[in-house]
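Undergrad: If you're matching positions, the sequence shown starts at 3 in my numbering and goes up one per residue.
There could be a bad hint or two in this list.
Label-pair restraints from in silico Cβ distances [stated by the list, open to error]:
id: 1; residue 1: Gly58; residue 2: Phe18; range: 15 to 23 Å
id: 2; residue 1: Thr17; residue 2: Ser51; range: 28 to 36 Å
id: 3; residue 1: Leu31; residue 2: Met79; range: 26 to 34 Å
id: 4; residue 1: Gly53; residue 2: Trp82; range: 13 to 21 Å
id: 5; residue 1: Arg78; residue 2: Ala114; range: 16 to 24 Å
id: 6; residue 1: Pro88; residue 2: Gly60; range: 20 to 28 Å
id: 7; residue 1: Asp97; residue 2: Gly60; range: 18 to 26 Å
id: 8; residue 1: Gly58; residue 2: Arg38; range: 30 to 38 Å
id: 9; residue 1: Thr17; residue 2: Val92; range: 17 to 25 Å
id: 10; residue 1: Gly53; residue 2: Leu31; range: 26 to 34 Å
id: 11; residue 1: Thr100; residue 2: Tyr24; range: 30 to 38 Å
Quick caveat, the hints were computed from the structure, so don't treat them as lab data. Using N, Cα and C, we set each Cβ at its ideal position, and we do this for glycine too.
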Amino acid sequence: MYGETDENTSDGIHTFAELYHYRMLYNALVFNEWARGGRYDVHKSIRHSDGELCLGGGWFVVYATLPTGQIANHYRMRHWGLFRIPERRVPVAWDGHTADEAADRMLRFLTAQARPDTDSRPAT
């Protein structure tokens, strides 16, 4: 029998709460940079594309449309101000991607952006 899993569950180094917090901060960093550069369609909304409040309220969604496809995440409203990106009353329609598909899109995006001198080996 397994114990209950909650935000304090740890892999021995980090708790789920820490990992989700890091994910949110990294997400805000990169989305803010993309928005500042105007290179990709990046935005946030308190609603889904059907007009309903995200997850019943108290949450918002952030979207980026990369050359490899759409990626998105939901965050609690207390983090709204960290995402200094355009707000839309109604966001782009979610394309149905799964977390695995979004991860694949990010990996393909990163792979396409990698420079030959830095993509596979550390400097020694």
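Undergrad: Next, verify each hint and record whether it holds.
TA: Against the structure, the hints come out as follows:
Distance hint check: the CB atoms of Gly58 and Phe18 are about 22 Å apart, consistent with the given range 15 to 23 Å. Thr17 and Ser51 have their C-beta atoms about 33 Å apart, which keeps the hinted 28 to 36 Å range intact. Take Leu31 and Met79: their Cβ atoms lie about 19 Å apart, and the range 26 to 34 Å is violated. Roughly 19 Å separates the CB atoms of Gly53 and Trp82, a value that falls within the hinted 13 to 21 Å.
At about 32 Å, the CB distance of Arg78 to Ala114 disagrees with the hint of 16 to 24 Å. Distance hint check: the CB atoms of Pro88 and Gly60 are about 21 Å apart, consistent with the given range 20 to 28 Å. Restraint check, Asp97 to Gly60: a C-beta distance of roughly 24 Å satisfies the suggested window 18 to 26 Å. At roughly 31 Å, the beta-carbon separation of Gly58 and Arg38 lies within the given 30 to 38 Å, and the hint holds.
Distance hint for Thr17 and Val92: a CB-CB separation of about 35 Å, inconsistent with the stated range 17 to 25 Å. Distance hint for Gly53 and Leu31: a CB-CB separation of about 30 Å, consistent with the stated range 26 to 34 Å. For the pair Thr100 and Tyr24, the supplied restraint of 30 to 38 Å is violated, since their beta-carbon distance comes to about 21 Å.
Violated hints, listed in ascending order, are 3, 5, 9 and 11; each of the other numbered hints is respected by the structure.
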